[in-house]
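**Q** Following my numbering, the numbering of the sequence shown begins with 63 at its first residue and continues without gaps.
Treat each hint with caution, since some may be false.
Said to hold, decoys possible - Simulated DEER-style distance windows between Cβ atoms: (1) Arg308 with Thr197: 38 to 44 Å; (2) Gly309 with Glu240: 23 to 29 Å; (3) Asn148 with Gly205: 37 to 43 Å.
No lab work stands behind these hints, which were simulated from the structure alone.
Since the structure is predicted, the reported quantities are computational estimates derived from the model, not experimental observations.
All C-beta atoms, glycine included, are put in the ideal place defined by N, C-alpha and C.
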Amino acid sequence: MRSEQDLAVLRNEGLSDSEAVRLALHEAAELRRRKSALRLEAEAAAADPDDLAEAQRILRSAEERIPPTAWRAPMLDFARIIYNPNLEQYLDRMRPGAYGLDSSTYHLVRARFLYQTLGRAAAAPDFDSAAAHLTRLRAEQPGQAWVHGLLGAALAGLNRADEAVRSAQRARELLPVEADAFDGPEWLLNLATAYVLLDNADSAAVYFDRVLEIPSWFSIQVLRVDPLFASFVRTPQYERLERKWRGRSVTMPRRRDGTAPPG
Numbered sequence: 063m064r065s066e067q068d069l070a071v072l073r074n075e076g077l078s079d080s081e082a083v084r085l086a087l088h089e090a091a092e093l094r095r096r097k098s099a100l101r102l103e104a105e106a107a108a109a110d111p112d113d114l115a116e117a118q119r120i121l122r123s124a125e126e127r128i129p130p131t132a133w134r135a136p137m138l139d140f141a142r143i144i145y146n147p148n149l150e151q152y153l154d155r156m157r158p159g160a161y162g163l164d165s166s167t168y169h170l171v172r173a174r175f176l177y178q179t180l181g182r183a184a185a186a187p188d189f190d191s192a193a194a195h196l197t198r199l200r201a202e203q204p205g206q207a208w209v210h211g212l213l214g215a216a217l218a219g220l221n222r223a224d225e226a227v228r229s230a231q232r233a234r235e236l237l238p239v240e241a242d243a244f245d246g247p248e249w250l251l252n253l254a255t256a257y258v259l260l261d262n263a264d265s266a267a268v269y270f271d272r273v274l275e276i277p278s279w280f281s282i283q284v285l286r287v288d289p290l291f292a293s294f295v296r297t298p299q300y301e302r303l304e305r306k307w308r309g310r311s312v313t314m315p316r317r318r319d320g321t322a323p324p325g
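Just need the whole structure built from these sequences, with the hints factored in.
**A** Set out below in structure tokens:
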């Protein structure tokens with residue numbers, strides 16, 4: 063969970079800014095004593111998606127060294143992908159608070175797991191819980207891109223198309239790639255994901271293509287093997303993307319001095 067996301071939730075829990083900052087700094091110090099989350103993301107992205115044993119080794123290493131509350135969304139998505147279809151162990155250990163102070167993240171992650179294994183109806187209660195909580199947070203923290211982005215994904219899971227697209231677009235506007243080369247692509251991908259959940263392959267292809275043009279952890283290989291995108295992968299729109307992006311390597315965003323941003 064990002065520090066801005068932690069702080070927003072901590073304030074929402076009634077803590078003062080100084081208390082919230084102190085807790086966030088404590089978590090950051092704890093994370094520094096473990097291997098960088100960013101480095102593990104890069105390792106997982108660079109692994110051949112067809113070599114699931116190597117990808118599983120990388121993620122098991124991550125799970126041993128990084129607390130779940132410090133996992134970024136790409137790490138959770140890699141877990142969804144490589145452990146599919148045997149996600150029972152993950153679902154069994156998921157509890158509110160497992161992925162940070164914000165319970166909406168828990169519900170959204172759980173909903174995605176259920177969606178890819180059991181379908182939309184099984185995931186609907188968790189999508190609904192995430193949407194309800196995120197709607198309250200949006201009223202209290204209207205400038206937070208992550209709130210709008212996650213709300214868009216939850217609403218898409220509920221097939222509330224207009225609301226979902228508005229929220230996902232708002233996240234992209236609040237944190238564009240031009241302003242943040244590391245987190246910006248995540249909200250482009252989030253918008254594409256919303257369109258997949260809404261069965262709009264044309265719009266999904268547009269935003270998948272845009273995110274594939276930007277250095278990030280995402281690649282055409284990840285798109286191909288992610289069960290959440292299975293319906294899209296069966297479309298002509300995906301086939302066109304596959305022809306365009308096949309063989310392109312993953313390039314992580316870097317700072318001006320040539321180093322990767324910290325995890």
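**Q** Now tell me if each hint is right for this structure.
**A** To see whether the hints hold, each was checked on the structure:
no. : hint                           : verdict
1   : Arg308 with Thr197: 38 to 44 Å : holds (40 Å)
2   : Gly309 with Glu240: 23 to 29 Å : holds (27 Å)
3   : Asn148 with Gly205: 37 to 43 Å : holds (40 Å)
Hint compliance for this structure: no hint is broken.
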